[in-house]
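Protein chains in written order, with my numbering: chain B, 1 to 111; chain Z, 1 to 114.
Please keep in mind that the hints were generated in silico from the structure rather than gathered at the bench.
Even for Gly, the Cβ is constructed at its ideal location relative to N, Cα and C.
Possibly wrong hints are sitting among the right ones.
No more than 30 Å apart at the CA atoms, straight line, and that leaves these computed lysine-lysine pairs for DSSO-like [as the list claims (entries may be wrong)]:
1) K9/Z to K103/B
2) K52/B to K67/Z
3) K103/B to K40/Z
4) K103/B to K22/Z
5) K67/Z to K98/B
6) K9/Z to K19/Z
7) K98/B to K19/Z
8) K103/B to K44/Z
9) K3/B to K19/Z
10) K98/B to K3/B
11) K52/Z to K52/B
12) K44/Z to K52/B
13) K36/Z to K3/B
14) K9/Z to K98/B
15) K98/B to K44/Z
16) K40/Z to K98/B
17) K67/Z to K69/B
18) K44/Z to K69/B
19) K3/B to K41/Z
20) K19/Z to K103/B
21) K36/Z to K103/B
Coverage of chain Z stretches by chain B, computed from C-beta distances (three or more under 8 Å per stretch; other residues unrestricted) [to be verified]:
22) 89-96
23) 105-112
Examples of chain Z residues toward chain B, derived with CB under 8 Å [stated by the list, open to error]:
24) T31
25) S39
26) L43
27) I45
28) I56
29) N101
30) E102
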Amino acid sequence: DAKTTQPTSMDCAEGRAANLPCNHSTISGNEYVYWYRQIHSQGPQYIIHGLKNNETNEMASLIITEDRKSSTLILPHATLRDTAVYYCIGNSGGSNYKLTFGKGTLLTVNP
Amino acid sequence: DTAVSQTPKYLVTQMGNDKSIKCEQNLGHDTMYWYKQDSKKFLKIMFSYNNKELIINETVPNRFSPKSPDKAHLNLHINSLELGDSAVYFCASTRRGSSYNEQFFGPGTRLTVL
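So here's chain Z without its partners, still in its complex pose:
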């Protein structure tokens, strides 16, 4: 059973297009995240949702719009894709209120913008 799953695994698209990445977790967690890992391998947080409410927004361009239809899902929609958006995007989840911050990560979505 996959704990945190992402679709698609690979995404190749042209500049200017709009695309979405989906994330689902079956761990019963209430907090989900999106991270971006660029070509230099730096892993940076983008957004976090707790019970469908946005709690972290790390000055990400407003072309990126996360949406959480329920606690188990956090999707990322990107408008007007740019070359610099090429990266691996990881979804993660945790249970807020637990005594420690163990985050479970998905396998990643490799986005390539041509």
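For reference, chain B alone in the conformation it holds in the complex:
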């Protein structure tokens, strides 16, 4: 799995967009970029994933640079309930379907 680098923490005002960056310069061609989050004391929750193209779902948008060395998770209108640790993970799936979690980014949404 690709090594990923994320800021340790970020703040965002409620109602504003939260942009969480992730560097994955060693990502290989068949590795997807996954984003999960963990709200305090809960199990991790899948948010979104992408390979090359930008992706959007009901939770967030994922912007992947053309060289695939970095990506940004966008929460368009952050709420207090979005306060969580956000993990960016490079994974090729394949036979082991193993996720390797790093330290993630603690996003704090402030009122």
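Given the structure of chain B, go ahead and fit chain Z onto it with the hints provided.
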């Protein structure tokens, strides 16, 4: 309806005891996992089963023995508990063969060894 459930939610026990944690998923998935999250909040995979077959074993001490009676259940038995086993244990499941690796996690079991 709970997708991935774990029992118990909290477990407090003495060093040296043997304990089990149970996990069940009703998503029809064929692959299940155990993860450990320690006090520093690092989340690490321990085991994975696919159709009752062990496919991932991440150099976990052999005091930990997973058992999968069927595709919907993955239990974790821990022998001779040590202080360092104190952590939150998460179960997860996915459908292998899907185009992407979306794992569904349970609520966690907080194990405290005294």
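Hints, one by one, checked against the model:
| no. | hint | result |
| --- | --- | --- |
| 1 | K9/Z to K103/B | holds (24 Å) |
| 2 | K52/B to K67/Z | violated (38 Å) |
| 3 | K103/B to K40/Z | holds (9 Å) |
| 4 | K103/B to K22/Z | holds (27 Å) |
| 5 | K67/Z to K98/B | holds (18 Å) |
| 6 | K9/Z to K19/Z | holds (13 Å) |
| 7 | K98/B to K19/Z | holds (26 Å) |
| 8 | K103/B to K44/Z | holds (11 Å) |
| 9 | K3/B to K19/Z | violated (35 Å) |
| 10 | K98/B to K3/B | holds (14 Å) |
| 11 | K52/Z to K52/B | violated (34 Å) |
| 12 | K44/Z to K52/B | holds (27 Å) |
| 13 | K36/Z to K3/B | holds (20 Å) |
| 14 | K9/Z to K98/B | holds (24 Å) |
| 15 | K98/B to K44/Z | holds (10 Å) |
| 16 | K40/Z to K98/B | holds (21 Å) |
| 17 | K67/Z to K69/B | violated (39 Å) |
| 18 | K44/Z to K69/B | holds (24 Å) |
| 19 | K3/B to K41/Z | holds (18 Å) |
| 20 | K19/Z to K103/B | holds (29 Å) |
| 21 | K36/Z to K103/B | holds (14 Å) |
| 22 | 89-96 | holds (count 4) |
| 23 | 105-112 | holds (count 4) |
| 24 | T31 | holds (6 Å) |
| 25 | S39 | violated (13 Å) |
| 26 | L43 | holds (4 Å) |
| 27 | I45 | holds (6 Å) |
| 28 | I56 | holds (6 Å) |
| 29 | N101 | holds (5 Å) |
| 30 | E102 | holds (5 Å) |
The structure fails hints 2, 9, 11, 17 and 25 (numbered hints given earlier, in ascending order).
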